[in-house]
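Guided by the hints, dock chains U, C and X onto chain Y, whose structure is given.
Chains as they are written, first to last, in my numbering: chain Y, 1 to 275; chain U, 1 to 337; chain C, 1 to 146; chain X, 1 to 320.
Derived by calculation from the structure, the hints in this document are not laboratory data.
Idealized CB from N, CA, C, for every residue including glycine.
There could be a bad hint or two in this list.
[Claimed, not checked] Distance windows between CB atoms, simulated:
no., chain 1, residue 1, chain 2, residue 2, range
1, X, Gly64, U, Asp104, 44 to 52 Å
2, C, Ile41, U, Val109, 47 to 55 Å
3, X, Asn224, C, Ile41, 13 to 21 Å
4, Y, Asn273, X, Arg4, 52 to 60 Å
5, C, Gly133, Y, Asn273, 55 to 63 Å
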Amino acid sequence: MTNNLIPTLGVVTDIRVDTPDIKTFRVEKIGGGKCFEHEPGQCAMLSIPGVGEAMFSITSSPTVADHQEFSIKKCGCLTSWLHLMEPGQQITIRGPYGKPFPVDTELKGKDLLFIAGGVGLAPLHSVINYCLAKRENYGKIDVVYGSRSKDDLLTIDEIQNEWMKPENDLDVHLTIDRAQEGWDGHVGFVPNYVTELGFDPNKCVLVCGPPIMIKFVLQALDGLGFQKDQIYTTLELRMKCGIGKCGRCNIGDKYVCKDGPVFRFDQLDELPNEY
Amino acid sequence: MKKISLNALGALFAKIASTMKLYAPIEKAGQVDFYEWNESEKVRLDVLKTVKSAKDVFFPQVEDLLKFRVEGKSIEMNEAPKCEDDFVVFGVRGCDARSFELLDRVFLVDPRDEFYAARRAHGIIVTLACGAPEESCFCTNFGIDPANPGGDASAWIVGEELYIEPHTERGAALIADLEDADASSVEAAKKEISAIAERLPFANLDLTGFDGEHLMEKFDDPAWERLSKACLGCGTCTFVCPTCQCYDIRDFDTGHGVTRYRCWDSCMYSDFTLMAAENSRHTQLQRFRQRFMHKLVYFPSNNDGLYSCVGCGRCVAKCPQNLNIVKVIKALGGKKA
Amino acid sequence: MPMKENWTPTIVAFCCNWCSYAGADLAGSSRLSYPANVKIIRIPCSCRLNPMFVLRAFQRGADGVILCGCHPGDCHYTTGNYYARRRMTLLFSMLDYLGIDRRRTRVEWVSAAEGAKFSATMNDFARTIAELGENVRLGDLRCKQE
Amino acid sequence: MIERARELLASGEVNRVLAWEKGENDFDRTPAVFTADNVDSLVYDGLCGPNLSKYLVGEMEKEGKILVFLKPCDSYSYNQLATEHRIDLEKVVPIAVGCRGKIDVEKLRAKGIKGILSVTEDGDKLLVKTLYGDAVVENRKEVLLDKCLACKGKEHVVECEVIGESEDTTEGDKFGIVAKLEAMTPDERFAFWRGELSKCIRCNACRNVCPACSCVKCVFDNPNTGVANKAAADDFEENMFHIIRAFHVAGRCTDCGECSRVCPQHIPLHLLNRKFIKDINEIYGGYQAGAEIGQRHPLENFDKGDCEPSVVHVRGGARK
Numbered sequence: 001m002t003n004n005l006i007p008t009l010g011v012v013t014d015i016r017v018d019t020p021d022i023k024t025f026r027v028e029k030i031g032g033g034k035c036f037e038h039e040p041g042q043c044a045m046l047s048i049p050g051v052g053e054a055m056f057s058i059t060s061s062p063t064v065a066d067h068q069e070f071s072i073k074k075c076g077c078l079t080s081w082l083h084l085m086e087p088g089q090q091i092t093i094r095g096p097y098g099k100p101f102p103v104d105t106e107l108k109g110k111d112l113l114f115i116a117g118g119v120g121l122a123p124l125h126s127v128i129n130y131c132l133a134k135r136e137n138y139g140k141i142d143v144v145y146g147s148r149s150k151d152d153l154l155t156i157d158e159i160q161n162e163w164m165k166p167e168n169d170l171d172v173h174l175t176i177d178r179a180q181e182g183w184d185g186h187v188g189f190v191p192n193y194v195t196e197l198g199f200d201p202n203k204c205v206l207v208c209g210p211p212i213m214i215k216f217v218l219q220a221l222d223g224l225g226f227q228k229d230q231i232y233t234t235l236e237l238r239m240k241c242g243i244g245k246c247g248r249c250n251i252g253d254k255y256v257c258k259d260g261p262v263f264r265f266d267q268l269d270e271l272p273n274e275y
Numbered sequence: 001m002k003k004i005s006l007n008a009l010g011a012l013f014a015k016i017a018s019t020m021k022l023y024a025p026i027e028k029a030g031q032v033d034f035y036e037w038n039e040s041e042k043v044r045l046d047v048l049k050t051v052k053s054a055k056d057v058f059f060p061q062v063e064d065l066l067k068f069r070v071e072g073k074s075i076e077m078n079e080a081p082k083c084e085d086d087f088v089v090f091g092v093r094g095c096d097a098r099s100f101e102l103l104d105r106v107f108l109v110d111p112r113d114e115f116y117a118a119r120r121a122h123g124i125i126v127t128l129a130c131g132a133p134e135e136s137c138f139c140t141n142f143g144i145d146p147a148n149p150g151g152d153a154s155a156w157i158v159g160e161e162l163y164i165e166p167h168t169e170r171g172a173a174l175i176a177d178l179e180d181a182d183a184s185s186v187e188a189a190k191k192e193i194s195a196i197a198e199r200l201p202f203a204n205l206d207l208t209g210f211d212g213e214h215l216m217e218k219f220d221d222p223a224w225e226r227l228s229k230a231c232l233g234c235g236t237c238t239f240v241c242p243t244c245q246c247y248d249i250r251d252f253d254t255g256h257g258v259t260r261y262r263c264w265d266s267c268m269y270s271d272f273t274l275m276a277a278e279n280s281r282h283t284q285l286q287r288f289r290q291r292f293m294h295k296l297v298y299f300p301s302n303n304d305g306l307y308s309c310v311g312c313g314r315c316v317a318k319c320p321q322n323l324n325i326v327k328v329i330k331a332l333g334g335k336k337a
Numbered sequence: 001m002p003m004k005e006n007w008t009p010t011i012v013a014f015c016c017n018w019c020s021y022a023g024a025d026l027a028g029s030s031r032l033s034y035p036a037n038v039k040i041i042r043i044p045c046s047c048r049l050n051p052m053f054v055l056r057a058f059q060r061g062a063d064g065v066i067l068c069g070c071h072p073g074d075c076h077y078t079t080g081n082y083y084a085r086r087r088m089t090l091l092f093s094m095l096d097y098l099g100i101d102r103r104r105t106r107v108e109w110v111s112a113a114e115g116a117k118f119s120a121t122m123n124d125f126a127r128t129i130a131e132l133g134e135n136v137r138l139g140d141l142r143c144k145q146e
Numbered sequence: 001m002i003e004r005a006r007e008l009l010a011s012g013e014v015n016r017v018l019a020w021e022k023g024e025n026d027f028d029r030t031p032a033v034f035t036a037d038n039v040d041s042l043v044y045d046g047l048c049g050p051n052l053s054k055y056l057v058g059e060m061e062k063e064g065k066i067l068v069f070l071k072p073c074d075s076y077s078y079n080q081l082a083t084e085h086r087i088d089l090e091k092v093v094p095i096a097v098g099c100r101g102k103i104d105v106e107k108l109r110a111k112g113i114k115g116i117l118s119v120t121e122d123g124d125k126l127l128v129k130t131l132y133g134d135a136v137v138e139n140r141k142e143v144l145l146d147k148c149l150a151c152k153g154k155e156h157v158v159e160c161e162v163i164g165e166s167e168d169t170t171e172g173d174k175f176g177i178v179a180k181l182e183a184m185t186p187d188e189r190f191a192f193w194r195g196e197l198s199k200c201i202r203c204n205a206c207r208n209v210c211p212a213c214s215c216v217k218c219v220f221d222n223p224n225t226g227v228a229n230k231a232a233a234d235d236f237e238e239n240m241f242h243i244i245r246a247f248h249v250a251g252r253c254t255d256c257g258e259c260s261r262v263c264p265q266h267i268p269l270h271l272l273n274r275k276f277i278k279d280i281n282e283i284y285g286g287y288q289a290g291a292e293i294g295q296r297h298p299l300e301n302f303d304k305g306d307c308e309p310s311v312v313h314v315r316g317g318a319r320k
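The shape of chain Y in the complex, shown without the other chains:
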């Protein structure tokens, strides 16, 4: 019988520097292979003994056979430690936690629109790659991705070299907040860009980013005629146990770790605004 609070050991086999404050960590079981199977949008608890444990969304697609990746922004105590790590470091990992995006049910066969801001691409990254791997299951796919500057765009190499391949039939719309030398793409905030691009309101939308961006993206989508039951997001709150028992990550009677982190906006509307 497995004990849910006891993690397994993992080893960080590769660390990629994505932006000045985001690194992507590749985690494998000791001896190689994935620590566990997961679905797109799920999370895992990573920890360094003596520092702490925290929940991170899994960035890599379930279709990647031999490892999992986590894109992590340096913002607190544990993440600062993670950023100091070198490859070969062992960490502890437990999961997967939470409900995934409904990629094989509600989203199947639909046109998809992904909207991400900053490190908010991390959880969607997993979904996008999953959709690309099972491309035939989905209609048109668009990605709107923005960040503060061109240096803060996550996995830009992958976006340009893999996602944008013509055979993927995937449109990526990049934007940065302020004009910058060496950037000839779009400049402006994500919500405004979404309005400018003017999407067809029969798509399903998956959105993740800072709360303020989400708020305005919702307004923009509303303006385009989208309904709340077409829009999904993934939330983050303080978590300790990951199994709906420690009592901190609830929004109303739902626990983000167990009933989330993926919520549809019509579900969120029925819950208190405490996130």
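Same frame as chain Y, but now just chains U, C and X:
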């Protein structure tokens, strides 16, 4: 039904303690709590409520989860041992006995908590009827009968005798050697308890409207502002509560390894939901509301209408500024339904 | 708790950067000996010594804690050690009040020129602590198990 | 009092009133902020133990003036908070109210009175109604809060309007118990404090109620201090929390006794604070925190002729 003279209880305790651990309400430095029994301890079955509830026995305030040893880049991990031996908790009141069932609904549902599950499987509960309920008691609102407290065996104090009725085999085995008794005096005692229970000041609270259906209505009630005004944000109510189960997991660096332990946490604390970047409940009003919403709305919404309160009244008696769940129920309950 | 075999006391000496740390340095360069189990922690001024530091030294296995600073009147920051003096007086008194042996805590003023005093003080303090035995009243069991 | 509060609210001099209201039990008294709408539910009697001054810190962010009622001992906390600039005197209208000592319901319970429904004062007598019949306490002094037995006197130290008469309820020497502890052997003292402190459940009520503990973020809540924790995992952490709590308020503690009043485990926390006060008085000369606004307290002050810390080795207290 068996009986034993109160004077002879020490011998019964000694006999139980010779084969397994025994927890009972014991007085230390003037206060009574559940501690492990030994011959030098002073058992206080006459005290109605221990300061902390009996949940400590199954869900201790601090418990180790695992130990790490870090060397260079590698980590060695050892899981803390789980409870493997039977033990007895003696003198649990009806409210606390019910609280274990509520905790089960949190810790034993999938994915279950193995540390708690192990203790639950090994614990034998001997309950004790409440001879003299206090003004703060309101357990009857939640369908708890202080005269029939349940558990593996129940006990009643009548005069100088303790009567015990086993409900399970494990309960019966504990008291097999005691002399048989006639139940009639216990029946009289039960009637007396029930009569007092009906006269309790908080005996008839109106709980209509506290359910998942009215979640947003209760959440948005303007009364929270006034109710939470005096809240100090201390954790007294949560730590004396038999059903509060929130916990924290922390690491302690001992200098030669790392111990990961779990300890009680309180939703009243400002850092309860604090993350690196933000805090989802940043005012005391939100935290105060969370505690009562959880007990009266969120929990029943997820657990077939069962409230996460057993009416033990500890928070009523212990809150430094006399805020409590009864006040909340009265302020928000009943109306509109 | 039974005394461990081969137990030697662990002593934490908080030394101010300007006088006492230099005093310790002088003791070393003058080849005056002081016990090897004295762990010196350099602090910018004796008044940097947060009472928490003293407690945490005990938590993590110190058997005695000593603070060394500039002589009163000679503080690099003019008055730091006067404040430290009041604080430590009250803290030590409180520890005593809680039943923790008052001989486990000490303050000595050691100037940069007093290498000999530093060495003598440490030797004397180490001897006192050795006589008192292991600190069991203000330690953290988790740090002791091994 | 209600009259005066209503007058000040009506004149617009204040827009809210900080006082006490009745709680769910007849004898419960809860601090509350009133406006003109509900000021009639304001209560002041022998059960109003809570010290209101700390609530002023939170009220300072709001617009307009607030009226606060201060008992004589609360006025010390008020001054101390004003000294520390935690309350803005421009935004507060204090009114002093008389106090004859406040009743401790826990002490009634300790007398074996169970199922208390109400407590009524009748001169020096207390009439107690319970589920199990009525009881009478002949002299209310038997059941006063511990803090009232070390009363700081009937004078208010804030210059303001006074309503009602006060009484000094001191019983004996307030440092008596401290002195008794000091006279014990270290082993006895250690056993005493271990017994008391091991009851601590780390609910932080003592800290949160304390008018001197007004840090925005406590060291014990700040993960970066390395000592933050939610529960005392062993004896050391219990000791550390209580030593540091008392030390952080040393010199600023007015001995208002709230820490002991709120402790759910009845740990005599004020004996730690009072030890510091006694030491300060004996070593650095008599000092009462909060006696006036703008005082410099003994730990932010010094004298070149101060004694050395080794004084601890020679003064007071039984040797082993």
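Here is how each hint holds up against the structure:
At roughly 51 Å, the beta carbons of Gly64/X and Asp104/U sit within the given window of 44 to 52 Å. At about 50 Å, the CB distance of Ile41/C to Val109/U agrees with the hint of 47 to 55 Å. Take Asn224/X and Ile41/C: their Cβ atoms lie about 19 Å apart, and the range 13 to 21 Å holds. For Asn273/Y paired with Arg4/X, a C-beta distance near 41 Å fails the hint of 52 to 60 Å.
The supplied range of 55 to 63 Å is met by Gly133/C and Asn273/Y, whose beta-carbon atoms lie about 60 Å from each other.
The structure does not agree with numbered hint 4 stated previously, though it agrees with all others.
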